[in-house]
Amino acid sequence: MPVKVGILGLQGAVEPHMKALTACGAEPRVVRLPDQIAAVDALIIPGGESTTMGILMERFGVKDALLRHAEQGKPMYGTCAGMILMAKEIEGSDQARLGLMDTRVARNSFGRQVDSFEAAVDVPAVGEEPFRAVFIRAPHVVSGGEGVEVLSVFQERIVLVRQGHLLASAFHPELTDDLRLHRYFLQIVNEL
Amino acid sequence: MTSEKSTWRTKVGLAEMLKGGVIMDVVNAEQAKIAEEAGAVSVMALERVPADIRRDGGVARMSDPKMIKDIMAMVTIPVMAKVRIGHFVEAQILEALGVDFIDESEVLTPADEYFHIDKHAFKVPFVCGCRDLGEALRRIGEGAAMIRTKGEAGSGNVVEAVRHMRSVQSGIRHLQGLRRDEMMTEAKNLGAPYDLLVEVAETGKLPVPNFSAGGVATPADAALMMQLGAETVFVGSGIFKSGDPKERAKAIVSAVMHYDNPSVLAEISEGLGEPMSGLDVRTMPEEERMANRGW
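Those protein sequence lines, which keep their order, are chains A and B.
Using the numbering used here, read the first sequence as starting at 1 and increasing by one per residue.
Using the numbering used here, read the second sequence as starting at 1 and increasing by one per residue.
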């Protein structure tokens, strides 16, 4: 049975994740309402604007459904805005969030849009070959608690973390053709 | 390790991140805050909303950098600002300010009647307006990382937005039906780059995100544009020229997210107060139409 993966469709780069997951053989679908969220095995929070998504989560009971998903031990992967929303602490901000991961993140920590960049980053967990990572107004993890495993560091900033069934990256694997991180996430789903 | 700044992928990537969000025109930091709190994904900083530009007449130019900086300091979402068509120095100034997206816009008075800006020459991404597929592909050829159909800005009337979106979409469907040996003639007729034409025929969509602008005044208008194929909407005068901007802004944001769910749309359309009054585009003199600026 292919894994049913929901991509949270409040706003943001939903379609590139759909493509990547389909290419990995999963069964992706866009989820926007609580009953849709309850029906999936795993969930991706895509890139977009974390402030906007945080506000939209508070409408139509979406936030509670996401918290329940994580409580049930179902895997969740946040890219960029998703990493911010999953963090417990966001530097200098009281914006709405899920607060699922024991992490402290800084927003826009590489600068504004004109400083957005691509670079090869090392992600040993998915192989020796460096990962072509796209950073767009990207955050980074300033610090993580005991259960937080650091999977990649770039320019002395933590850019990929895992805490059990939760995964978060500061960059956008969905904007390249490299499927290794999506496969890694699906592996977490299959482990559980 | 080396990194490469402002690549085509990071430019189009930001446009991807804005999909399904609403970009709102604001004229000061206070409005920017209201927009952000209502769930706007980005704000467009400008001195006057299109409805007022239309009313006041005269030459409309890039906004005062001070006002743009105030707005950038007030919100964490990306900030866009407009430059006149062809005015590449206004664009250099906005890039120096660090705005996140530049709109080379027909809402301002054009500075050049023959040439648009060479947008590949900039680090900051650009969005440009279009009325049909040919115009969209010319702008993408020049380096626009996002396209928006023009509509008729400041009219509060969605009819032109619908016309332009349908024109782009039917243009794409038409291309898909062509044989390969018919493509060059089609490129000549559309006045659009051949390679981009071939790409669109293969993928069935524009190479960059396609948003809708110009005339959206209600949640239903926003959902209409989404169902017609827009990947999100710009709302200019429609919010801050309405009776209750805060509630209307929230409702339009929700409408874009639930554009295909009529029962949710019914719920959020309730009790929003007066929309902006709007103009009949049919009786508007040709020279007053902003959509005719640019080519």
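Keep in mind that a hint or two might mislead.
To be verified - Computed beta-carbon distance windows for the label pairs: (1) B/59 <-> A/61: 43 to 51 Å; (2) A/61 <-> B/287: 36 to 44 Å; (3) B/194 <-> A/94: 49 to 57 Å; (4) B/280 <-> A/89: 47 to 55 Å.
Please keep in mind that the hints were generated in silico from the structure rather than gathered at the bench.
Because the structure is a prediction, the values reported are computed rather than measured.
Virtual Cβ for every residue (Gly too), placed ideally from N, Cα, C.
Take a look at whether the Cβ-Cβ distance between residue 280 of chain B and residue 89 of chain A falls inside 47 to 55 Å. holds, 53 Å
Does the Cβ distance between residue 59 of chain B and residue 61 of chain A fall inside 43 to 51 Å? holds, 50 Å
Does the Cβ distance between residue 194 of chain B and residue 94 of chain A fall inside 49 to 57 Å? holds, 52 Å
Lying within 36 to 44 Å: is that true of the beta-carbon distance residue 61 of chain A to residue 287 of chain B? With Cβ atoms ~51 Å apart, the hint is violated.
Of the numbered hints stated above, the single one contradicted by the structure is hint 2.
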